[in-house]
Amino acid sequence: MPAMHVRLGAFSAALVLAAALSTAASAQKKYDTGASDTEIKIGNIMPYSGPASAYGVIGKTEEAYFRKINAEGGINGRKINFITYDDTYSPPKTVEQARKLVESDEVLLIFNSLGTPPNTAIQKYMNSKKVPQLFVATGATKWNDPQNFPWTMGWQPNYQIESIIYAKYILKNHPNAKIAVLYQNDDYGKDYLKGFKDGLGAKAASMIAIEDSYEVSEPTIDSHIVKMKATGADIFFNITTPKFAAQAIKKNAEIGWKPLHFLNNVSASIGSVIKPAGFENAQDIISSQYFKDPTDAQWKNDKAMIGWNEFLDKYYPEANRADASVMYGYIVAQGLVHVLKACGDNLTRENIMKQAANIKEFEPAGLLPGIKVNTSASDFAPLSQLQLIRFKGEHWERFGEILSGDVGG
Amino acid sequence: MSAAEEVVAEGHQAVEAVPKRAMTLGTGTSLVVLAALLVVPMFVKNFIIFQMTMLLIYGLAVLALNILTGGSGQFSLGQSAFYAVGAYTSAVLMEHANVNYALTIPISAAICFGFGYLFGKPALRLSGVYLALATFALATAMPQLLKLNFLEHWTGGVQGLVVTKPDAPFGLPMSQDMWLYYFTLAVTIAIYIFSVNLLRSRSGRAFMAIRDNEIAASSMGVNVALYKTLAFGVSAGITGVAGSLGAIAVQFVAPDSYTITLAISLFLGMVVGGVGWLPGSFVGAAFIIFVPNMAESISKGLSGAVFGVLLFLVIYLVPHGARQVAVLGQQLVGKLRKN
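Note that the protein sequences, when read in sequence, are chains A and B. In case it helps, the working numbering puts the first sequence at residues 1 to 409. In case it helps, the working numbering puts the second sequence at residues 1 to 339.
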């Protein structure tokens, strides 16, 4: 027995020594929960089922992309462990899943959780826990609020930035126009409308002839279009989701109303909006874009697009390549990898936010030429540039320069 | 109508032998469960405590539906609407009027009781599946009503309202989650005891008489109209309390949280737990909280299908839900004792 004790003592002494040595050796390495020498745990919440399940593709693309990163050796030797849960787009479920990720799975951060109501539900929790809620997948403007929510950061150009860009264009080229605005009666529609009015500034009251809203539950918006035509407006700002956007384009042609038509980029998809509405009805519509439309023939031999296709062939062959969400997921996943690489061996939550707020002129593959990701301690809107596009023939043509308009929440 | 009544009647037959005790657990079992509920949170992570809190909250909501369906034989697919009213009542009072969270709960109960009672009045003329449809309409309408422009100042519209989580009072050394759990547990126990007593009382017997045979009940002098609306009111009131607690626990209310899916989940919880068996409500709540997570871990893309298969298995193997399992267990214990 005594021998046993001695051996145990020696063993524990060795352990203590080893522990001391390893801390000395890894003095440069700093970790928070969820990161180690071999692994980085990333949480994610997506609506894989429920009303918004079409967006679940984003989570699947990200998972595929991280598989690619891991197959290529990981990030500074660490593999990404991507844990993604379904919240069915229901905020209470989002809270449950976020708590599960943070408290039970112990992830380092939650990345690209989708939807405005779900993200609103967990924003306070994430900030009180000081766990990064990084690159949320929503276009709402309120995510750019580093003062009140230093642990939450947006990603894509937000709705207000986009409508400010249209407003600037109108003020410059059509200063005497009469504008009709149709918007969906929810946070998304109202966010766009606010940006548009802010962009027009003092002239908003005199230029906007009518602002009309519709409910998502309405079967058709035909009557709204007729009403707007009657005001004699010569510019139409169309803030609608894909189904309604196609209806509006069709109805415009039917009743012979030909205003200068601005279409929000939510509905700029050729496959789901323009084609069903008819190419001949959609000529000269103006919209905006920040990443390459994979269905657009002009990118066929583009280097980024070839890389994208190779990635999909190898890691996500069943993806629908006409789906813009696949491109979206591909780009934002590169954003996370960029931040994690920049963190080096200091994988603390604080450093993650510090690096995420210090992205300079980063160009993930898939963005339009000239568009770059930029953040700073006071700018939590990584993408804030867009390029105007005009529909010609059967595809969008880019025109003018890259435009930007940073706004905060 | 017939389909609905069949289910209730079928459920009823299994409990006929012991009508008074059939709706509850024995004293010994109740005490063991209570002790477990009191002790377990001290040894688990905050996340588990949160899940247990949600279990109690959904359990309350299922219990409310159980009183309505298992007790008085009426069907409702509109429980999510009452849940939403309760949640919003608490959220609005707490965030706009700075009312203490504990005080908002009786207020929610009262408002929802009134709402349910008033809704029950016209709905009285309907029975069985027709009533289920009328309440279904209520559930589909509710999220849209919450988005209405003139209410937006109070409800926050689609953006919803963020609710502040209460700290433990009197400086108790407890995390917010743990305090909220014990608070919810206290409310749950109070409501559970109230429900058991209600169903054993004169009113409860009237509910069950209506459930079993409306004409016979009325010819025995039961005021059918009064008791049917009363059952609706009580059920709505309890659902409202669950909604309030849910809003405080989740710290957020938004129209998207209270869609028809919630109503169907609660209904499902009731069936899985066993219609008319009150303790089963909490088993049902566990089913609707944990089984979707299990299904998701089996297959992400097919989580809905896996959930469907699991549900089908439960209904096929134990059509009377958790009650059947409990009865089987009891018989087994009885046999062992005899031996």
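The set of hints was computed from the structure by calculation and includes no laboratory data. There may be inaccurate statements among the hints.
As the list claims (entries may be wrong) - Stretches of chain A that chain B covers, calculated by requiring three or more beta carbons in the stretch to come under 8 Å of a beta carbon on chain B: (1) 255-263; (2) 363-373.
Said to hold, decoys possible - For the chain B half of the interface with chain A, some residues (derived, Cβ under 7 Å), not all of them: (3) F47; (4) F50; (5) E152; (6) V158; (7) F252; (8) A254; (9) S257; (10) M294; (11) E296.
Yeah, the Cβ is synthetic: ideal placement off N, Cα and C, and Gly gets one too.
Going back to the hint list, which numbers does this structure go against? Per hint list: 1, 2, 5, 10 violated.
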